Amino acid sequence: MKWFYLAFKNLVRRRVRTTLTVLGVAIAIAVLYSLFQFQRGYQSRLKDELGALGAHVLVVPKGCPYEAATIALHGGKWPRYMDEGLLDKVQQNPGVAQAAGVIMDAVFLPDGRNVILLGIDEEYARLRPAWKLTGQWFESDSSVILGSSMAGEAGVGPGDEWTIPGRDVTLKVSAVLERTKTQDDGFVFLPRRTLQKIFGLEGKLVTILIKARNVDRTDELVASLRADEVDMNVFPLTELLNTIGDLMASTRVFVSAVIVIALIIGTVGVLNTVLMAVFERTREIGMMKAMGGSRSDIFRLVWAETMLTTLAGGLVGVAVAIASSRLVEAFIRGMIPFAPEGSLIGFSLPTLAACVGLSLALGLFAGFYPAWRASGVRPVEAIKAD
Amino acid sequence: MLSDSDLVTKWSSDQVAETDTGVLDAQPASPLTEPRPLLCVRDLWRTYRRGSEEIHALAGVGLDLRPGEIVSIVGRSGSGKTTMLNQVGCLDRPSSGSILVDGTDVTRLREKDLVAFRRDHIGFIFQLFYLIPTLTVEENIRLPLVFARRQDDERVDELIERVGLTKERRSLPKQLDGGAMQRVAIARALINRPRILLADEPTGRLEKKSRAAVLDIFRELATDGLAILMATHDLEQAGEADRIIEFSDGKVVRETQNRRK
Chain R
1 MKWFYLAFKN LVRRRVRTTL TVLGVAIAIA VLYSLFQFQR GYQSRLKDEL GALGAHVLVV
61 PKGCPYEAAT IALHGGKWPR YMDEGLLDKV QQNPGVAQAA GVIMDAVFLP DGRNVILLGI
121 DEEYARLRPA WKLTGQWFES DSSVILGSSM AGEAGVGPGD EWTIPGRDVT LKVSAVLERT
181 KTQDDGFVFL PRRTLQKIFG LEGKLVTILI KARNVDRTDE LVASLRADEV DMNVFPLTEL
241 LNTIGDLMAS TRVFVSAVIV IALIIGTVGV LNTVLMAVFE RTREIGMMKA MGGSRSDIFR
301 LVWAETMLTT LAGGLVGVAV AIASSRLVEA FIRGMIPFAP EGSLIGFSLP TLAACVGLSL
361 ALGLFAGFYP AWRASGVRPV EAIKAD
Chain V
1 MLSDSDLVTK WSSDQVAETD TGVLDAQPAS PLTEPRPLLC VRDLWRTYRR GSEEIHALAG
61 VGLDLRPGEI VSIVGRSGSG KTTMLNQVGC LDRPSSGSIL VDGTDVTRLR EKDLVAFRRD
121 HIGFIFQLFY LIPTLTVEEN IRLPLVFARR QDDERVDELI ERVGLTKERR SLPKQLDGGA
181 MQRVAIARAL INRPRILLAD EPTGRLEKKS RAAVLDIFRE LATDGLAILM ATHDLEQAGE
241 ADRIIEFSDG KVVRETQNRR K
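Going down the list, the protein sequences come from chains R and V.
Going by this note's numbering, the first residue of the first sequence is number 1, and it counts up by one from there.
Going by this note's numbering, the first residue of the second sequence is number 1, and it counts up by one from there.
Since the hints were made in silico from the structure, they are not lab data.
Hints should not be assumed to be uniformly reliable.
The following label-pair restraints were derived from C-beta to C-beta distances [as the list claims (entries may be wrong)]:
#	chain 1	residue 1	chain 2	residue 2	range
1	R	ASN272	V	GLU111	25 to 31 Å
2	R	PHE279	V	SER98	55 to 61 Å
3	V	GLN151	R	THR19	39 to 45 Å
4	V	ARG50	R	SER296	29 to 35 Å
5	R	SER296	V	GLN175	39 to 45 Å
6	V	GLU111	R	LEU327	51 to 57 Å
7	V	SER95	R	THR19	34 to 40 Å
Simulated coverage check for chain R against chain V, where a stretch passes if three residues somewhere in it have a Cβ under 8 Å from a Cβ of chain V [as the list claims (entries may be wrong)]:
#	region
8	3-11
9	288-295
Here the structure is a predicted model, which is why all the values come from computation and not from measurement.
Cβ coordinates follow ideal geometry from the N, Cα and C atoms, glycine included.
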């Protein structure tokens, strides 16, 4: 019979109270895990998405840079365009290794979903060396390349015909993009000129993706592009990452406050429960001391009970957080203006370890005072109480 | 059960022969006739303060207890019986006087040493048993071993058999009657092989049959050399002791040798 077994048996005596205390801690830890993991997942997925762009610098029309970033990353319909002539100017900049102009539009389906179409050229494909096509590059102006998800949904493959929803335009699928696990999987790629013609956007671009000749001199390139032209927003992707990161950082203060409050409530709840249990068991503690239990034995026993409670709360909390991750993620996504694709709250051993460690720390902290009180019970109380 | 005022008169007239009156000044035992006392209490005082008033819960008490001896302490409520057990059991510190347990003056021990001394030399039995309800009979008996950081399976088996709980060793306390619960408490008190057993109203909550069973166990234990000091209101139980010591106002007012021994 060991200390933790004894502690466990004591907890089992007060099932309802123990369960409620464990739930209190579990809720605090679940909130902590979800928010912490969302932050981590967000940063990680955002980096992945920006990396998938294959560019170092993004040029978008004047306007809100966050909105532009969202369009550039996730696609969409944005009523701001740049003159296609800017692409030539950008390409002539000596610091530019590659520049791909992109035009973009979207058609909305009756069920509320939308189909995002990107007008691209071979320069765009060169920025995506990881792309693998099943089929051929655009064979003609009426060719189309479908992202893997898009092709799957439409049930078409290379050589088939595909009609732009809501438009009387049928194109021939020249290739299907193999799964990239990025936003590209859901896109439809057309020759730039074809898309411009279909949507009446001749001579216009939505974004220019730039690969710098020398990554270490990206700042100089950005400065030089900004000096050249005032009708476009030029920003390096690191800046975009930082900008969105700053945006998230402002929410981190709120998140931290929620976590701290949840932990304080959890700690006070545990402290109160354990202290009540100690008061109720004064006679029993006295008996244990009469049986040879020392101050440190009693302290250890009560502390072990507290830590078992908070540890159970921590594990349950993490399990609840993982089980409800989709629900929580959908809720958080609905509250923030931009979130990367893919699962953001998933299983993470470091986060799990941090949460379990924190729940143990909570137990250590919350259990100290009740354990100290219990260890101070005079054994004479046991007989006196008779 | 009789009232406190009836107590001493009844046992002294029915069952025992009065051997002394007044405050006892315990004398050393004769080396030729009696073994050396395990417990020697001398001029023990325990004084509490209530405002400006001083209350002497014990006022110069003396007492000896020898191996194999059963001694009952009787007296009215507040006479000092339980206070005496607390002092002897090292659960409380006396205001003055000495308590020698197996040659060690426990009043001079530091708190840490007192815990170890209590654990190794003294067993306790309480009226309310204080068993842990979620631990089995066997686990309750093992509890003091946890504090002693010892593993003694043989002793556990031996005690379970001795108190007649072999079939109930995996039972929870709630599945036992009062007598069985007290037998668990006795086994628990004996697990660390103490030389003195202190019992505060050990049969106070038991019906007649269970009381008899507990007393039988006490007699067996005494035969094996255990010294038993019990505070009781139970005249029948008091009458089973080798000696009966009556307390009143914190003093020993009478010590009586039991004729039946």
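Right, here's what the structure says about each hint:
1. R:ASN272 with V:GLU111: 25 to 31 Å: Since ASN272 (chain R) and GLU111 (chain V) have Cβ atoms about 29 Å apart, the given range 25 to 31 Å holds.
2. R:PHE279 with V:SER98: 55 to 61 Å: violated, 35 Å
3. V:GLN151 with R:THR19: 39 to 45 Å: violated, 33 Å
4. V:ARG50 with R:SER296: 29 to 35 Å: holds, 33 Å
5. R:SER296 with V:GLN175: 39 to 45 Å: Taking Cβ atoms as reference, SER296 (chain R) and GLN175 (chain V) lie about 33 Å apart, which means the hint is violated.
6. V:GLU111 with R:LEU327: 51 to 57 Å: holds, 55 Å
7. V:SER95 with R:THR19: 34 to 40 Å: violated, 48 Å
8. 3-11: holds (count 4)
9. 288-295: Held - the region 288-295 of chain R has 8 residues with a Cβ nearer than 8 Å to chain V, which meets the minimum of three.
In the structure shown, a violation is registered for the earlier hints numbered 2, 3, 5, 7, in ascending order.
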